[in-house]
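With the hints as your guide, set chains B and C onto chain A.
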Amino acid sequence: MIYEVFRQERKGQAFQHAGSVEAADERFAESYAREQYGRRGESVALWVVARDAIRPIEEFVDELNRNYHRVDGYPLKEKLKEARERAGTTAPRDR
Amino acid sequence: MSERAQLLLEIADDELILGWRDSEWTGIAPFLEEDVAFSSIAQNEVGHARALYELAARDLGTTADGLAFDREPSEYRCSELVELRLPEWERTIARHVLYEQADAERLERLKASDDAEVASLAAKIDREEIYHRLHAEMWHERLKDEPRYREALEELRPLVGKRNGHSRELESLWEEMTSVRRSQPAGTAW
Amino acid sequence: MEQREQEFLEYVQSGGQVETTDWVPDEYRARLRKFIEMHGNSELMGVLPEREWILRAPTLQRKLALTAKVQDEVGHAQLIYRVVEDLGKTREECLDDLISGKSKFHNVFHYPTKTWGDVGVIAWLVDAAAIISQKALLKCSYAPYARIMKKICWEESFHILHGRDVILTLMNGTDDQRELVQEALNRWWAPLMQFHGNPIAPEQDPMFIWRIKSQGNDEGRQQFLDGYVPQIWELGLTVPDPELRKDEGTGRWHYTEPDWDELMSVVTGHGPKTEDRLDLRRAARENSAWVRSVLLAA
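Chains as they are written, first to last, in numbering that gives the first Met the number 0: chain A, 0 to 94; chain B, 0 to 189; chain C, 0 to 297.
Isolated chain A (complex conformation) (with noise of 0.2 Å):
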């Protein structure tokens, strides 16, 4: 069975997908997965999981663009530009 290691180089950090080990069951991978990611102290944990308990996901749908909840779908200088010139007032940095 191949079970996929996972590993964090330094507390605080991501879990990163470091590769895989084929083992005979839990128990094996375990010890074969320390060896082969943690033998020189370079990661402070693992994580071991089964290849099959893990579901890829790689299609995403967004036909319609929905920039409502994303930073593009904010084009403001145009309005800006306008608002300042109703004030009277320039742009900070003309100042």
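Note that these hints are calculated values from the structure, not bench results. No residue lacks a Cβ here, since even glycine has one placed at the ideal position from N, Cα and C. Take the hints with a grain of salt, since some may be wrong.
Computed spacing ranges between beta-carbons, pair by pair [what the hints assert, rightly or not]:
| hint | chain 1 | residue 1 | chain 2 | residue 2 | range |
| --- | --- | --- | --- | --- | --- |
| 1 | B | M0 | C | D174 | 33 to 39 Å |
| 2 | C | E274 | A | D51 | 39 to 45 Å |
| 3 | C | E233 | B | M0 | 45 to 51 Å |
| 4 | B | R162 | C | E18 | 55 to 61 Å |
| 5 | A | Q12 | C | D275 | 45 to 51 Å |
| 6 | B | A188 | C | D275 | 29 to 35 Å |
Leaving out everything else, chains B and C in the frame of chain A:
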């Protein structure tokens, strides 16, 4: 030689020779993941030997390498169990299981020693040995119903703790282990 | 070349990478897998020349370092064969082809190791040549391989230091010890010069075209010479090639053209130790077959 030095050499020699035998599997173990894991065990054993030799070396006015390599085969205090060349995986695991059990008991006694240095080193070694024991148990669980493994356990069990003389195998192991070192005068750096 | 392949080619040539589940041209997949498989074979076979010396290491420190180095190489084989398996060829299938001689491994692992001098030269110079090739794989268009190369390169960095330490200790030692190094270097020089492969131009090298490798063979060799000939000469060692010199104008090294026929002969299974080592692999595999079936039987 002090009692402490004798005791330290007994354990150090066991760990060195067992580590030497276990390192024979590096590159040719039954599969790659196990090869990597078992090699760490071999390295730890040699590392334990080194720490023990360093302690004994101070008592004896020599160096760890001097103790590890420059004695005659008859001066080693290892048990016959660790000297045997066991190119079959079932026999190697059987020895691993038997040795780890005996060693655990020995380490418990040493951790309780009045000698603070010995007790402290024993505690450090014991913490590393936890993983060796887990590994040995893991394999024992898997192989315990295999006839060849059970036979190996029966074959090797009588040798646990047997320390009255050496097997013929120690001499040839020592020849190979010291061949490069003996090619130059004593004290040459490598 | 059909449109989809052309787009893929442009994609990888501009630095794009792919994962296991992405579509790739058949030719790319076939060449990639063969290349990676040969790398795995090389790590696995590379263990054999060195492991004997673990048992003969003359100090505890050297014994530990050499065991750790060889262990790394086994670990690299594990990483690489996992990548090959995810590309559709199992470890057992790879071992079948390796042992039968159908697939290849790098030239340097077909030669004998005769002395402790070889141990130093291999860790210092053979590993250096290998790390140059490996660095050229860090940007491989196939991302899973590029990722394991990062771990491999990181681990190899200690191998070279260990090698240099062994060599420097020998060079500062007795006359006999210095002679061990020179003699080993004399034997290893030709295989080292052949290691990076024949001088095919990058534009004609499929490995470069598909951006599996990011540089051509000659480039690797020049980097090796640039990095390591000065290190060799500064110790008072000689290189057994009277033509070896650097053209200060062009910055390129000149050398006696390596024997490409010898390289071809060796990698196709006719090296001095090829048969012995494949026999050892075959025997080890047969003797432990029962272990693998017990573990699978759960």
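- [ ] Mind checking the hinted window 45 to 51 Å against the Cβ distance between E233/C and M0/B?
- [x] holds (46 Å)
Task: D174/C and M0/B - C-beta distance against the hinted 33 to 39 Å - done: holds (37 Å)
Open item on the list: Just to be sure I understand the hint, the distance between the Cβ atoms of A188/B and D275/C should be within 29 to 35 Å; is that true here?
Closed with: holds (33 Å)
Open item on the list: 45 to 51 Å was suggested as the range; check whether the CB atoms of Q12/A and D275/C agree with it.
Closed with: Given a distance of about 47 Å, which is inside 45 to 51 Å, the answer is holds.
Task: Outcome for the supplied range 55 to 61 Å, where the beta carbon pair is R162/B and E18/C - done: Holds, at about 58 Å.
TODO: Could you check the hint for me, namely that E274/C and D51/A are 39 to 45 Å apart, CB to CB?
DONE: holds (41 Å)
Checked against the numbered hints given earlier, the structure satisfies every one of them.
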